[in-house]
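Asker: Sequence:
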Amino acid sequence: MVTNPYSHPLRVAHLNPRKPNPLTLEPDAAARARIAEALGIEAVPAAAMTATVTAAGNDAWELTARLTARVVQPCVVTLAPVETAIAEDVRRVYSPHAAEPEGDDVEMPDDEIEPLGQSIDAGAVLVEALSLALPLYPRAPGAALPDAGGEAEAEARRPFADLAAMLARKED
Numbered sequence: 001m002v003t004n005p006y007s008h009p010l011r012v013a014h015l016n017p018r019k020p021n022p023l024t025l026e027p028d029a030a031a032r033a034r035i036a037e038a039l040g041i042e043a044v045p046a047a048a049m050t051a052t053v054t055a056a057g058n059d060a061w062e063l064t065a066r067l068t069a070r071v072v073q074p075c076v077v078t079l080a081p082v083e084t085a086i087a088e089d090v091r092r093v094y095s096p097h098a099a100e101p102e103g104d105d106v107e108m109p110d111d112e113i114e115p116l117g118q119s120i121d122a123g124a125v126l127v128e129a130l131s132l133a134l135p136l137y138p139r140a141p142g143a144a145l146p147d148a149g150g151e152a153e154a155e156a157r158r159p160f161a162d163l164a165a166m167l168a169r170k171e172d
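Okay, so the sequence shown: first residue is 1 according to full-length UniProt numbering, each after it adds one.
Because the hints were derived from the structure by calculation, they are not lab data. Source: prediction; values computed, not measured. For each residue, glycine too, the CB sits at the ideal point set by N, CA and C. Possibly wrong hints are sitting among the right ones.
Per label pair, the in silico range of CB-to-CB distance [claimed, not checked]:
no.	residue 1	residue 2	range
1	143	30	29 to 35 Å
2	136	17	37 to 43 Å
3	115	136	48 to 54 Å
4	24	143	18 to 24 Å
5	163	133	37 to 43 Å
6	11	42	30 to 36 Å
7	83	169	52 to 58 Å
8	39	91	19 to 25 Å
9	167	81	48 to 54 Å
10	163	83	40 to 46 Å
11	30	79	23 to 29 Å
Please take these sequences and the hints and turn them into a complete structure.
Answerer: Below, the structure is given as structure tokens:
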């Protein structure tokens, strides 16, 4: 069972529907270590999310936020640690009318709309947004893939060369 490495639930019943509900999350060192482990990265030296939760139409709630963080990941070429600064805008809408997809053949739902329960976990939003913002291929300064050489590079530019040769043989 996978547990969320950082949680900050907001009880919907305690939110003020008439004005914005501001929120600032700054996970401590232990929580950032759990987040790094859960995301499979080396470290999260800093993370913060400044958010506002407001009532939206049709009994829904909207969370808008700004996520800022620094993460350390291994370079894809040298495995040296690479620190990256992240700054992302985040938006989620929690609706009591949204349902979890069921079955195998379902369309992808809107990724900003979540089912509304008794609470909104702003900490889970922070972790998810951070996960989505991570660089896929972090590279250390100056790190480059080794040059494969002229012939291999020429073949890479002609992906259908073998297919053309096979078709030519078939016609003979």
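Asker: Each hint: holds or not?
Answerer: Hints, one by one, checked against the model:
1. Roughly 31 Å separates the CB atoms of residue 143 and residue 30, a value that falls within the hinted 29 to 35 Å.
2. The given range of 37 to 43 Å is respected by residue 136 and residue 17, whose C-beta atoms sit roughly 39 Å from each other.
3. In this structure the supplied range 48 to 54 Å is violated for residue 115 paired with residue 136, their Cβ-Cβ distance being about 29 Å.
4. Separated by about 36 Å at the C-beta atoms, residue 24 and residue 143 break the suggested range of 18 to 24 Å.
5. At about 39 Å, the CB distance of residue 163 to residue 133 agrees with the hint of 37 to 43 Å.
6. Restraint check, residue 11 to residue 42: a C-beta distance of roughly 35 Å satisfies the suggested window 30 to 36 Å.
7. The given range of 52 to 58 Å is respected by residue 83 and residue 169, whose C-beta atoms sit roughly 54 Å from each other.
8. Remark: the range hint 19 to 25 Å for residue 39 to residue 91 is upheld by a beta-carbon distance near 21 Å.
9. At roughly 49 Å, the beta-carbon separation of residue 167 and residue 81 lies within the given 48 to 54 Å, and the hint holds.
10. The hint said 40 to 46 Å for the Cβ distance between residue 163 and residue 83, and at roughly 44 Å that hint holds.
11. A beta carbon spacing of about 26 Å between residue 30 and residue 79 agrees with the range 23 to 29 Å that was offered as a hint.
Hint compliance for this structure: hints 3, 4 are broken, all remaining hints hold.
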